[in-house]
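2 protein chains.
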Amino acid sequence: MAVWCCIASAANYVSGKMEFEILHTDSNSNGRTGVVRTAHGEFRTPAFMPVGTRGTVKGIVPDLLKQTGSEIILGNTYHLILRPGVDVIEQAGGLHKFTGWDGSILTDSGGFQVFSLAQLRKIDDEGVSFSSHIDGQVIRLEPAEVTRIQNRLGADIIMAFDECPPWPVDFEKAKEAVERTIRWAKICKEVHERDEQWLFGIVQGSLFTELRDICVQELVALDFPGYALGGLSVGESAELRKKIVDEFAPKLPADKPRYLMGVGMPIDIVDSVASGIDMFDCVLPTRNGRNGYAFTSSGPVKLRNEQYKFDFGPIDANCSCYCCRKFSRAYVRHLFLVGEMLGPILLSIHNVSFFQKLMNDIRQSIKENKLSELVEKVHNVWEDRRDC
Amino acid sequence: MAVWCCIASAANYVSGKMEFEILHTDSNSNGRTGVVRTAHGEFRTPAFMPVGTRGTVKGIVPDLLKQTGSEIILGNTYHLILRPGVDVIEQAGGLHKFTGWDGSILTDSGGFQVFSLAQLRKIDDEGVSFSSHIDGQVIRLEPAEVTRIQNRLGADIIMAFDECPPWPVDFEKAKEAVERTIRWAKICKEVHERDEQWLFGIVQGSLFTELRDICVQELVALDFPGYALGGLSVGESAELRKKIVDEFAPKLPADKPRYLMGVGMPIDIVDSVASGIDMFDCVLPTRNGRNGYAFTSSGPVKLRNEQYKFDFGPIDANCSCYCCRKFSRAYVRHLFLVGEMLGPILLSIHNVSFFQKLMNDIRQSIKENKLSELVEKVHNVWEDRRDC
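Protein chains in written order, with our numbering: chain A, 9 to 396; chain B, 9 to 396.
Derived from the structure by calculation, the hints contain no laboratory data.
Treat the hints with care, since some could be wrong.
Pair by pair, the computed Cβ-Cβ distance ranges are [stated by the list, open to error]: (1) A/F318 x B/N388: 49 to 55 Å; (2) B/V146 x A/Q315: 25 to 31 Å; (3) B/R312 x A/F318: 41 to 47 Å; (4) A/F318 x B/N368: 38 to 44 Å; (5) A/S139 x B/A325: 39 to 45 Å; (6) A/F318 x B/K385: 48 to 54 Å; (7) A/R91 x B/D95: 26 to 32 Å; (8) B/K74 x A/K105: 25 to 31 Å.
In this text the structure is predicted, and so the values were computed from the model without any measurement.
Glycine included, every Cβ here is placed at the ideal spot set by N, Cα and C.
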């Protein structure tokens, strides 16, 4: 930490009470490694954020989550509004106090969930009305209100309220969504007032590069402290997604954090880092962890398989997580076969640790200008193993 | 620890590689406090054993389980035979290595489960044939084989294979069960050969005191290193159970550990300690923990209730467990309402901690000859609150 203070240069991006420092840029790609400093410590980039939809990364107590190497997690505003409600969290003293996670937190704006989960959705230029997927209750979300809610939830990074169209979507609908996303981003920016929180803009535009170009241009003019690529990982092929990320990550301001929402598999992550992305979130490590699917340094391991019945080695011999230090494949397999909660718990811990070790390897490889070697290695292990 | 070594007296009961030392006896009751030393450390008595039916205390990783104050846990031979099977556990190096729990373990003999869970049960003088409750597979258990299986599982304390009749049962059936239990206990004793394990005898006889008398007499003649009262907590009233425990705990050898199987609520525990019981096991803290029922120093708290929505205090202000140090009633309630795994995890941790704190208070009160005060206090809180 002391070292970082000493080498802090004029290139650091500072806004409000937060700071982004790029420590090294890979000489052979757009990959860069750095650190974001928030009111709740710092997180190193490229960073992977485990998803804590409803105020908990499923099955992992905060202390064990810290041990996975996670420094920032994600919470879903949409879910938290529905249950327990923003009043409860605010009165608890904010999301950190409520959940017991004292590292950094990012909340999304709910835009994605409104468009993927909510029923009877009616969108207009001012916002969205929809029925809760829990009890059908009609809820109205508008950009100003969503920003105020996120101010009250108290995450370190909050997201502008955007319109996230499904995929595929025709040009006209995508254009409308981009126009609303830009209009709403302005409102969010005007309303946002806590200087210990960063508000990020979200670039939409589906796979239409001219729409994404417009969106980038307008949002950059608004001078957000960070930018996300949204509307991806919604059903399009990995190839099409990669083209968008390759083109648009570098178009986002170089001195600010760049966040690729909802991505992804190890290959997607290393490729996107090489394009210049700094932040990721994805449910895969925990969702797959609950289904007996282990991410390992030699590829996927489906622990329910008979072949692991007498396998007393760790899930991943190259992993030093709590699960791999203490338990065998045979034991975790047993837990899954009998339906014991401890199976999902241990495998979620391992999978999150796997992703954090990947991020660590990525950061190290960038420092050594060897990101391309790591990208190749990850492709060799995970190519043709995207389905999970 | 050093103190215990210094005051170790000729009164210590030593058998094989294990030892039971009584440190203090309450001057106003039969309650006593001491320590059992096993190959996996020591556990203080009176001891409460959380139940780890299938090789895990549900939802609690071993490190957090240690933090609850648990020093010995229970595993169910019947369940472990079915899944993953004794071969897997033996090849893993035994139950401790397989499960990652390095404290002491007791395995029951499966007698209780055979009679409560198994289908198509056929009992004869040599053993029991039954269909597995999992897949209908026909399994035969006989006392010699059950002992060998427990030798292979490798717990520190193992139990003789007994016939545990249901309640109510007529005198003739209860008598038959006692006769078989005695005959089988002899076989178990002959077969058992690992001197780092203690084999306990189990006293049956339902509520018929003359049958229990016979059973005690015969089993004591066999000189087991410890004795359990079995066949209780199977549906009889607390009052009837208490009468049996009050009469028969003192009839078991005073220098050896006495174990009351499957009990119970806080009142049952303190009352039984006063009768001279040293060991307990019960699923209540974890089962209730999965259902939103908290044990607290002021009685039960049903966390799903609306009244806790904005209650940001700990589940129990007198508790210093991981859950109470870090999380609020409002948060744990939220987790239960949205169905997040972390709810059962945290509340199981708290409830087990509550039971371990109760045991700690019991041990302390015995040292101070104040057990009767504690018994009264526990009755005041829990009387009329047996249902859960």
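Results of checking the hints against the structure:
Between A/F318 and B/N388 the beta carbons are some 53 Å apart, a value that agrees with the proposed interval 49 to 55 Å. At roughly 27 Å, the beta-carbon separation of B/V146 and A/Q315 lies within the given 25 to 31 Å, and the hint holds. Checked against the hint of 41 to 47 Å, the pair B/R312 and A/F318 passes, with Cβ atoms roughly 42 Å apart. The supplied range of 38 to 44 Å is met by A/F318 and B/N368, whose beta-carbon atoms lie about 40 Å from each other.
Range check, A/S139 to B/A325: about 40 Å between beta-carbon atoms, so the 39 to 45 Å window is met. Range check, A/F318 to B/K385: about 51 Å between beta-carbon atoms, so the 48 to 54 Å window is met. A beta carbon spacing of about 46 Å between A/R91 and B/D95 contradicts the range 26 to 32 Å that was offered as a hint. Separation of B/K74 from A/K105 is about 27 Å and conforms to the stated range, judged on CB atoms against 25 to 31 Å.
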